[in-house]
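Engineer: So the chains spell out like this:
2 protein chains.
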Amino acid sequence: MHVTSEHTLDARTTERTFTIGDISGILWTPPAASAPAPLILLGQPGGLGMRRMYPRLVARARSAAAHGFAAVSVELPGAGDRTPLPGAKRARADLTRAIAAGEQPADDVIDRLILPLVDEAVPEWQSTLDELVHLPEIGERIGFSGGVIAVGVRLAAIDPRIAAAALFAGSHVPERTMHEARRVTIPLHVLLQWDDEGNDRARSLDLFDAFGSTQKTLHANMGGHTGVPQFAGDDATRFFVRHLGAARG
Amino acid sequence: MHVTSEHTLDARTTERTFTIGDISGILWTPPAASAPAPLILLGQPGGLGMRRMYPRLVARARSAAAHGFAAVSVELPGAGDRTPLPGAKRARADLTRAIAAGEQPADDVIDRLILPLVDEAVPEWQSTLDELVHLPEIGERIGFSGGVIAVGVRLAAIDPRIAAAALFAGSHVPERTMHEARRVTIPLHVLLQWDDEGNDRARSLDLFDAFGSTQKTLHANMGGHTGVPQFAGDDATRFFVRHLGAARG
Numbered sequence: 001m002h003v004t005s006e007h008t009l010d011a012r013t014t015e016r017t018f019t020i021g022d023i024s025g026i027l028w029t030p031p032a033a034s035a036p037a038p039l040i041l042l043g044q045p046g047g048l049g050m051r052r053m054y055p056r057l058v059a060r061a062r063s064a065a066a067h068g069f070a071a072v073s074v075e076l077p078g079a080g081d082r083t084p085l086p087g088a089k090r091a092r093a094d095l096t097r098a099i100a101a102g103e104q105p106a107d108d109v110i111d112r113l114i115l116p117l118v119d120e121a122v123p124e125w126q127s128t129l130d131e132l133v134h135l136p137e138i139g140e141r142i143g144f145s146g147g148v149i150a151v152g153v154r155l156a157a158i159d160p161r162i163a164a165a166a167l168f169a170g171s172h173v174p175e176r177t178m179h180e181a182r183r184v185t186i187p188l189h190v191l192l193q194w195d196d197e198g199n200d201r202a203r204s205l206d207l208f209d210a211f212g213s214t215q216k217t218l219h220a221n222m223g224g225h226t227g228v229p230q231f232a233g234d235d236a237t238r239f240f241v242r243h244l245g246a247a248r249g
Numbered sequence: 250m251h252v253t254s255e256h257t258l259d260a261r262t263t264e265r266t267f268t269i270g271d272i273s274g275i276l277w278t279p280p281a282a283s284a285p286a287p288l289i290l291l292g293q294p295g296g297l298g299m300r301r302m303y304p305r306l307v308a309r310a311r312s313a314a315a316h317g318f319a320a321v322s323v324e325l326p327g328a329g330d331r332t333p334l335p336g337a338k339r340a341r342a343d344l345t346r347a348i349a350a351g352e353q354p355a356d357d358v359i360d361r362l363i364l365p366l367v368d369e370a371v372p373e374w375q376s377t378l379d380e381l382v383h384l385p386e387i388g389e390r391i392g393f394s395g396g397v398i399a400v401g402v403r404l405a406a407i408d409p410r411i412a413a414a415a416l417f418a419g420s421h422v423p424e425r426t427m428h429e430a431r432r433v434t435i436p437l438h439v440l441l442q443w444d445d446e447g448n449d450r451a452r453s454l455d456l457f458d459a460f461g462s463t464q465k466t467l468h469a470n471m472g473g474h475t476g477v478p479q480f481a482g483d484d485a486t487r488f489f490v491r492h493l494g495a496a497r498g
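Chain order of the listed sequences is B and C.
Numbered per this note's numbering, the first sequence spans residues 1 to 249.
Numbered per this note's numbering, the second sequence spans residues 250 to 498.
Everything labelled a hint here was simulated from the structure, so no lab data went into it.
The reader is advised that the hints may include incorrect statements.
Unchecked claim - Computed list of chain B residues with no C-beta within reach of chain C, every gap over 10 Å: (1) Lys89; (2) Asp159; (3) His219.
To be verified - What follows is a set of in silico ranges between Cβ atoms, one per label pair, in the way DEER data are often shown: (4) B:Leu48 <-> C:Ala350: 28 to 38 Å; (5) C:Arg300 <-> B:Gln104: 23 to 33 Å; (6) C:Ala308 <-> B:Thr226: 34 to 44 Å; (7) C:Asp271 <-> B:Pro55: 52 to 62 Å.
What the hints assert, rightly or not - One side of the interface only, derived from the structure: several residues of chain B facing chain C at Cβ under 8 Å: (8) Arg90; (9) Asp235; (10) Val241.
Positions of the beta carbon are idealized from the N, C-alpha and C atoms, including for glycine.
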């Protein structure tokens, strides 16, 4: 892990940019004097890139810090300045065409768009965790929050370090993800925008049903993809407080 | 309104039993010195009766009082010592038979069980409100919480005094209720137990979809009819705080 910059965001949060091999990311941590903080992995939507996402990421990191959590986000494969994933451009064009025609995109379009991203992003999250857990300021309780739901599902299914996940049922779900969901057994908090124009509500409900977790909660709100109300974010934070605990002082 | 008993439950709450004509109920109010308190109508499930429901009702009233709300509940038509509703016994037997056979109960069974109850209960709630709003300790903001969902839907659809409702999608829904739901436009908080054995999940989701409200939230949790987790109750309280405000001191 190579720290490329460090500055104090406010009294509660230090922001560090870092690289780990090809991975670049940002880590937000409570003051050094604090006890080890539970860590929340901040997922991102595909294709936007961390520079455009920064204002939203830092808002989520500040909200996490207010409850004693550290937070980290990494540039997704193919996003920002990274080399585009093979086939992603064509898959995205096919998706845009289907949505413009008012059709459900074909399964193979979703697979071509999402699965290569999942295949690359999940090992990168794991490499990031491998490094971060050695930092004295990072505790053992780790949660995953938001971003491409197929990434969160795979990571929650295969990495026992993830203790709880708040997922946003707002991206396309490959059939493979539906199967992987059955292997997820950690506490889940799933957000669904009921009228999300870019999303298949029935499939989102099927995915929620598929999760193997005995503790799972679905919060559906009105409005489209970007209309998540403020109180829904607060609910997600309370979910993490329940399952990761606050930082121990 | 005839107050039949009054005692202090704790420092925060006075409990009064009352009758209004044939209606009997319990009113919980904050200390007399407080400003007028928003009022939450505590719905009840059909058939149990207020005496059996009392421990749960008083717990909900205490939780409401902790946030500055008054609360009231009334004996449902046909419940407790009241004359059974015509046809209710046979309808309930038909329902029990269908559930035991693992079948969805026929529409007419649901109609016979629920609609006479709604037809009687809603005017009684309105008569209760007509009296309570004259009490100086009761404010103008009124919410409806829980109980038979068809009662809450009708009341929210026709009575403009109801400003917000937290409904439990855990009872059977007549087709007529689905239509009335379209006329409901107030903020809604809908609880659904995902694995509720006595309930039709798809119909509950259709009902949520049918509501005309632009502000509506669905919270689905695991477990059956009686397994609502504590944090789900806290979420409902926060919903009322957002929409009714706390008591003004």
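Engineer: A separate judgement is required for each hint: does it hold in the structure or not?
Structural biologist: Against the structure, the hints come out as follows:
Every CB of chain C lies more than 10 Å from the CB of Lys89 (chain B), the least distance being 36 Å, so the non-interface label holds. Under the 10 Å C-beta cut-off, the non-interface status given to Asp159 (chain B) relative to chain C holds; the minimum distance is some 23 Å. With a cut of 10 Å on Cβ distances, His219 (chain B) falls inside the contact zone with chain C, its closest approach being about 6 Å. Checked against the hint of 28 to 38 Å, the C-beta distance between Leu48 (chain B) and Ala350 (chain C) comes to roughly 52 Å, which is inconsistent with it.
Between Arg300 (chain C) and Gln104 (chain B) the C-beta distance comes to about 53 Å, which lies outside the given range of 23 to 33 Å. Separation of Ala308 (chain C) from Thr226 (chain B) is about 39 Å and conforms to the stated range, judged on CB atoms against 34 to 44 Å. Look at Asp271 (chain C) against Pro55 (chain B): about 60 Å separates their beta carbons, and that is inside 52 to 62 Å. This hint is violated: Arg90 (chain B) has a C-beta 35 Å from the nearest C-beta of chain C, more than the 8 Å allowed.
The criterion of a C-beta within 8 Å of any C-beta in chain C is met by Asp235 (chain B), whose closest approach is roughly 7 Å, and the hint holds. For the restraint placing Val241 (chain B) at the interface with chain C, the shortest Cβ-Cβ distance is roughly 10 Å, beyond the 8 Å limit, so the hint is violated.
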